[in-house]
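Participant: This is what each chain is made of:
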Amino acid sequence: MQGALTDGRLHNTSAIPDTLQASAVVHRLVARFPHVLPQNRSLTEYRGWIALHTAGVTQASECLTAEVVVQVRCPCGPADMQGADVQVDAHTRALLEQCALGDVLPARTAYATDLVEMLEQVSDLVERCRAGRVANVAASATSPSWTRALPRPEYYKRLLHDLERIGWEHVVRIDDAFAELELQVPDAAGRQHLVILRDWHTPAPSIHASLPAHVPLPEPDRSSVQPHGISLMQAVAQVRAVLGAYQPLFQVLDDVDQHSCVLEPERPTYATCIRRIALGRHCSLYIEVDPHNPRSVPVCRLLGGERDTAALQERLNGGLHQWDAVGRTPRQNLEAILECSFPPAPTAADRLHGSSTEGDECGICYSYRMEGVGVPDMACDYAPCARPYHRSCLWEWLQALPETRQSFQVCFGVCPYCSRPIRVRR
Amino acid sequence: MNTGSVEQIRVKRLAREMESLQRSPPPYVSVWLACSDGGNEAEHGACQLDRWEAAIRGAPGTPYEGGVFRLEVQVPPRYPFEPPQVRFRTPIYHPNIDASGRICLDALSMPPRGAWRPSANLGTVLAAVQQLMGEPNADDGLVAEISEEYRRNRVQFERTAREWTRQHALGA
Chain D
1 MQGALTDGRL
11 HNTSAIPDTL
21 QASAVVHRLV
31 ARFPHVLPQN
41 RSLTEYRGWI
51 ALHTAGVTQA
61 SECLTAEVVV
71 QVRCPCGPAD
81 MQGADVQVDA
91 HTRALLEQCA
101 LGDVLPARTA
111 YATDLVEMLE
121 QVSDLVERCR
131 AGRVANVAAS
141 ATSPSWTRAL
151 PRPEYYKRLL
161 HDLERIGWEH
171 VVRIDDAFAE
181 LELQVPDAAG
191 RQHLVILRDW
201 HTPAPSIHAS
211 LPAHVPLPEP
221 DRSSVQPHGI
231 SLMQAVAQVR
241 AVLGAYQPLF
251 QVLDDVDQHS
261 CVLEPERPTY
271 ATCIRRIALG
281 RHCSLYIEVD
291 PHNPRSVPVC
301 RLLGGERDTA
311 ALQERLNGGL
321 HQWDAVGRTP
331 RQNLEAILEC
341 SFPPAPTAAD
351 RLHGSSTEGD
361 ECGICYSYRM
371 EGVGVPDMAC
381 DYAPCARPYH
391 RSCLWEWLQA
401 LPETRQSFQV
411 CFGVCPYCSR
421 PIRVRR
Chain L
1 MNTGSVEQIR
11 VKRLAREMES
21 LQRSPPPYVS
31 VWLACSDGGN
41 EAEHGACQLD
51 RWEAAIRGAP
61 GTPYEGGVFR
71 LEVQVPPRYP
81 FEPPQVRFRT
91 PIYHPNIDAS
101 GRICLDALSM
111 PPRGAWRPSA
121 NLGTVLAAVQ
131 QLMGEPNADD
141 GLVAEISEEY
151 RRNRVQFERT
161 AREWTRQHAL
171 GA
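Protein chains in written order, with the UniProt record's numbering: chain D, 1 to 426; chain L, 1 to 172.
Where hints are given, some of them may not hold.
To be verified - Short derived list, chain L residues pointing at chain D, Cβ under 10 Å: (1) L14; (2) A55; (3) P112; (4) W164.
Unchecked claim - Under 7 Å between C-beta atoms, here's a sample of chain D residues computed to sit facing chain L: (5) I364; (6) W397; (7) L401; (8) P416.
Don't read these hints as lab results, they were simulated from the structure.
Backbone N, C-alpha and C define an ideal beta-carbon position, used for all residues, glycine too.
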């Protein structure tokens, strides 16, 4: 069975009356796996061995030979792997089982479209085991076996075709396995939404977008050749439909975010309908917009000192009947009822101004120039920290600690920010 | 350093903290100066710098979700060389917070037992309290029975904590 193939036998196999497809597969077989030979004239049984590239890898185990002996039965011929079965030699089987991959072989080969591809899968799996990449594969051994099987080539063809129709300019990121995609999907008003498609190659994919609810998955496309049903085009259409339904919510949230100073969340997104709006004087208004009825009265809560919030609370309680869900946005309604205008969001220049002096201030008193003391006159010696201090402030702090060591006029302790040793002379 | 300059440091620092708390408060946390009633509405001079109030919104996914918890913050005369005293005024069912609202948190006491440092401030301390609400530390429990329950019967603990939230923290 392990004899070399001669031109004569190659000629013979191709002369066997069978479909054109089958003979094409056998030609590829001869080129790729010359040591695997057909065993009958109907081309349904094969035996031989696969030579491995990683034969030189040395491991303590004596079962590492350079080949895998294989035996394949494919009742429907080499171009159709339905009902096909592949057996490997005992050493290889033991190796696979050692790596907890015994059950992966049938799962992987089930995806093969023809004999050559099936043998490629066998060869790839065994090489992975031997090259020490086992840990990687075995780590996912607890998840269902389809996560370890590569999708059919049609998956990639279909995906690329879909991506071309959607337009590559909308693609933000695709992972190495082509299983997770991030797309930029515009809605009717031109807002860009980031949509993440996860586990796209599996039977259980998911669609994530920054929305208050989950995006439902579209119905699988039964007519498609794709093994797992849902086309990218369908998914994007579905996302657009959901985005369309939320337009009123986006308008309401945009209005709040653009015309007030939102304290929370730090980076407002459409995923949450909660906003905490600054009212000034340490008061804030917490609102929760109903995503399905965004122009109606939101859940409102005033936060702040009673002295300041009491009057506002009274106006809120007394004024809610004036709510105009049609003519005014919720933000305009709230401003009218509370008889105030919300302070605007700080501009980039404000932020810059606010933080420009921050780096130079004393890490303890938070000020730069102090009467009778001057400006910070020392800094932490550790370069990445380099926190400036007034000598007197640091002295005061280290004096307050029982673990501080003092020798004459020098205190030894640790920097309050980076915890590295610091010393200060009085 | 004499007491006069410690007072100067304290005032300067609290003014800066007030500014930054107004601009960017920690998530779920609001803080404001507690003012004695009867003071003139317009002037903040009636407010003492040493008494603050805070509210922490219960984070989603915790048994405190939906509640607003009131706290009082007392700033000692030697602040920031000593930690602020923070106490819950709203009753809360939590392994590290007792019936009088005292909180067992190392950032709230002086070294060597605690971990207060002048690098912390009112905002970071309240953020730590907010975090503690979601992640109790049952190994260092203040209330033994609640710690025990938290460790052995999480379902029962969460049910009680949610019930307390409903009873005490919803009508803020």
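Participant: Work down the list of hints and note, for each, if the structure agrees.
Facilitator: Hint by hint, here is what the structure shows:
1. L14: At 9 Å from the nearest chain D Cβ, L:L14 passes the 10 Å test, so the hint holds.
2. A55: holds, 5 Å
3. P112: holds, 6 Å
4. W164: violated, 19 Å
5. I364: holds, 4 Å
6. W397: holds, 5 Å
7. L401: Holds. Min distance 6 Å.
8. P416: Nearest chain L Cβ about 4 Å off; hint holds.
Hint check: a violation occurs at hint 4 only; the rest are consistent with the structure.
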